[in-house]
Amino acid sequence: MQRFVLIAVPYTWLLALFLIPFVIVFKISLSDIALSIPPYTPTLEDGFGPFFSALDFENFVFLTTDDLYWKAYVSSLRIAVTSTAITLLVGYPIAYAMARAPEEWRATLMMLVILPFWTSFLIRVYAWMGILSQEGVLNQVLLWLGVIDAPLTILNTTTAVYIGIVYTYLPFMVLPIYAALDRLDGALIEAAEDLGCSRVQAFWLVTIPLSKNGIIAGSFLVFIPALGEFVIPSLLGGSGTLMIGKVLWEEFFNNRDWPVASAVAVILLLILIIPIILFQRNQQRQEEA
Amino acid sequence: MAETIFAPWDDPTEKPLIRFRNVTKRFGAFTAIDDLTLDIFEREFFALLGPSGCGKTTMMRMLAGFETPSEGTIELAGQDIAAVPPNKRAVNMMFQSYALFPHLSVYDNIAFGLRRDSLPRADIDARVGEMLKLTRLEKFARRKPHQISGGQRQRVALARSLAKAPKLLLLDEPLGALDAKLRQATQFELMDIQEKTGTTFVIVTHDQEEAMTVASRVAVMDEGRVMQVATPERIYEAPESVYVADFIGDVNIVPGTARAVGDGLFQLNWAEDTVPFIAASEGAFSEGQACHLAIRPEKIAISAERPPEAENAVHGKVLDIAYLGNLSTYHVELPGGQVIKAQTANTRRISRRSFTWEDPVWVSWTKTAGVLLDQ
Ligand SMILES: Nc1ncnc2c1ncn2[C@@H]1O[C@H](COP(=O)(O)OP(=O)(O)O)[C@@H](O)[C@H]1O
Ligand SMILES: [Mg+2]
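As they're listed, the protein sequences go chains A and B. Numbering follows full-length UniProt numbering, in which position 25 of the first sequence is assigned residue number 25; successive positions increment by one, without gaps. Numbering follows full-length UniProt numbering, in which position 319 of the second sequence is assigned residue number 319; successive positions increment by one, without gaps.
Hints may be right or wrong, so weigh each one.
[Stated by the list, open to error] Derived SDA-like pairs (lysine to any residue); straight-line CA-CA distance at most 25 angstroms:
hint	chain 1	residue 1	chain 2	residue 2
1	A	Lys212	B	Lys88
2	B	Lys88	A	Phe203
3	A	Lys212	B	Ser105
4	A	Lys212	B	Arg136
5	B	Lys144	A	Val125
6	B	Lys167	A	Ala187
7	A	Lys212	B	Arg142
8	A	Lys212	B	Ile148
9	B	Lys88	A	Glu288
10	B	Lys88	A	Pro209
11	B	Lys167	A	Arg199
12	A	Lys212	B	Ser97
[What the hints assert, rightly or not] Residues of chain B clear of chain A, computed beta-carbon distances all greater than 10 angstroms:
hint	residue
13	Asp11
14	Val91
15	Glu130
16	Val254
17	Ala280
18	Glu282
19	Leu327
20	Ser364
21	Thr366
Keep in mind the hints are simulated off the structure, nothing from the lab. None of the values given here were measured: they were computed from a predicted structure. Note that beta-carbon positions come from the ideal geometry of N, C-alpha and C, so glycine has one too.
Extracted from the complex, chain A is given alone in its bound form (with noise of 0.2 angstroms):
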């Protein structure tokens, strides 16, 4: 009985929160665009049997006809995987000197990485667009540093969509790859050179690959959201950036069809399904070492 209490509580949880939400979605994905409240049809108010009949996968077949969102998804994985591997490039560096920072200075340290989460995103994000504007701080201080000559072009292009996922997700990468790295045995990095490792090759053969699961956990923290992400793109995004997310939210709110937009996220959740089972897999052998 209590056996039953305890795995009930997560699974509910999993049912209300994920399971009820995607059924519905997925449903709405099936139905057809119409002009009343809800945008679709049909609805349960119709009978069973009719309900049912008026399902069909029409919509998926429509991604399929349109450039626009194959072209979006690829956009968006390649923006995700090339700002999780610049969040690595940042983040393991910071993750190490932390790790290597004295005793008492870690908590401190601890804290300057989460301390972002205690504002808003939002707010964040908008403060972005106040640095990276043609007149914004950035161009400013490399105008008068002289190191430019007429402002860049930051804003809403690619690049800043970049500097954007790397900068919001940054913690994610750092937390995980600082667990890993607080964990390992300085002594392994004396044997190494006890056996004949230069400083570098016993960071290459050693604390990489002892710190591998954390890089993993970290990669996948970030590149999970970062595929669907939305604010991002269209606050500091151009009209060069496609990334599936924003092409979510135009299909939802401007064209108001429920069920295309339904469908791009059905589909974006399937493809989101191989990262976040490999992820899974992941942290239980973390578990099981």
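Given chain A's structure and the hints, the job is docking chain B with the ligands onto it.
Same frame as chain A, but now just chain B with the ligands:
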């Protein structure tokens, strides 16, 4: 076969492999090693013995190259090694925690150092095979460190540190994690390996029995200083200070004042209104100088009557008896409250023991049984 006693430290022409010269190591204001001068010779099995925190690991780490002396020099084979980084020293260390690479198999752990020398594959394979055989780990070559027992892990660590055939092998409390039986077996294994490979071993331990078993010489340390360096027998039989006598094995320390009675003999006045003890000593003591008699419990006999020819004999009362299986230790209270421990072999069953609590007894020993110490 001609028995030649291995004692390079007595030979003035012999060049030491390691030479500590006035080495001091400070961590901030704290002095971990205090003006240490010490020679270690090739093929020695040298033991560093001392309580926790006395600087044993620090000494090892300086030899391995993870710490640099604050003052003084360390020479390896006649060369100052201060500027040589750890990966360039012909020294390997077996870490106190073993420090096995968790992501590598037993085989790859042992091969790790060999691969850094970019040896041909076949040579690496042969050498690792040799090491696996030496440490009897052939069956576990493919396992990861977390899939083998503590004793096996310890052997992997040993094999890994031996694989590169270092001039000097440092063992930091290598057997700390093992139970008594496995520990003893491994001690003999270590000695065997040392004999086979001819490597110089420096072993750190806080277990005096271990040091006595394996070592050619023992250095007893206290708070960053070496108190005495000598063979295990000398350390046990002829300690130079109360600290060393007390640290190694069980000992009775009787404080008193000395009086020379000629012929290298001294009287020890140990309590008022008692017959002074008599003891032979190589060192000289001035009249009335404060000193201590250190005497091992097994050198003290216990009897009901006063032994007629005893050079030292005192009357006392049995206070306590510790039964150790093969031995019994009697705690005998002397007049004046001093307690002396006397040890006898249990050749009879316990029910037939001759003395019990509160029995009046005589304890006696010869004049050469103990040593007189001035500090
Ligand atoms: N890196 C360090 N920083 C400060 N103090 C240290 C450091 N390493 C060792 N010590 C101190 O030096 C003393 C000797 O340590 P150690 O050599 O590890 O002793 P042990 O004989 O137990 O191996 C200890 O008091 C320890 O606290
Ligand atoms: Mg130690």
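Checked hints:
no.	hint	result
1	A:Lys212 to B:Lys88	violated, 28 angstroms
2	B:Lys88 to A:Phe203	holds, 17 angstroms
3	A:Lys212 to B:Ser105	holds, 17 angstroms
4	A:Lys212 to B:Arg136	violated, 32 angstroms
5	B:Lys144 to A:Val125	violated, 47 angstroms
6	B:Lys167 to A:Ala187	holds, 22 angstroms
7	A:Lys212 to B:Arg142	holds, 21 angstroms
8	A:Lys212 to B:Ile148	holds, 23 angstroms
9	B:Lys88 to A:Glu288	violated, 37 angstroms
10	B:Lys88 to A:Pro209	holds, 24 angstroms
11	B:Lys167 to A:Arg199	holds, 23 angstroms
12	A:Lys212 to B:Ser97	holds, 22 angstroms
13	Asp11	holds, 31 angstroms
14	Val91	violated, 8 angstroms
15	Glu130	holds, 17 angstroms
16	Val254	holds, 45 angstroms
17	Ala280	holds, 49 angstroms
18	Glu282	holds, 43 angstroms
19	Leu327	holds, 40 angstroms
20	Ser364	holds, 53 angstroms
21	Thr366	holds, 50 angstroms
Of the numbered hints given earlier, the model fails hints 1, 4, 5, 9 and 14; all others are met.
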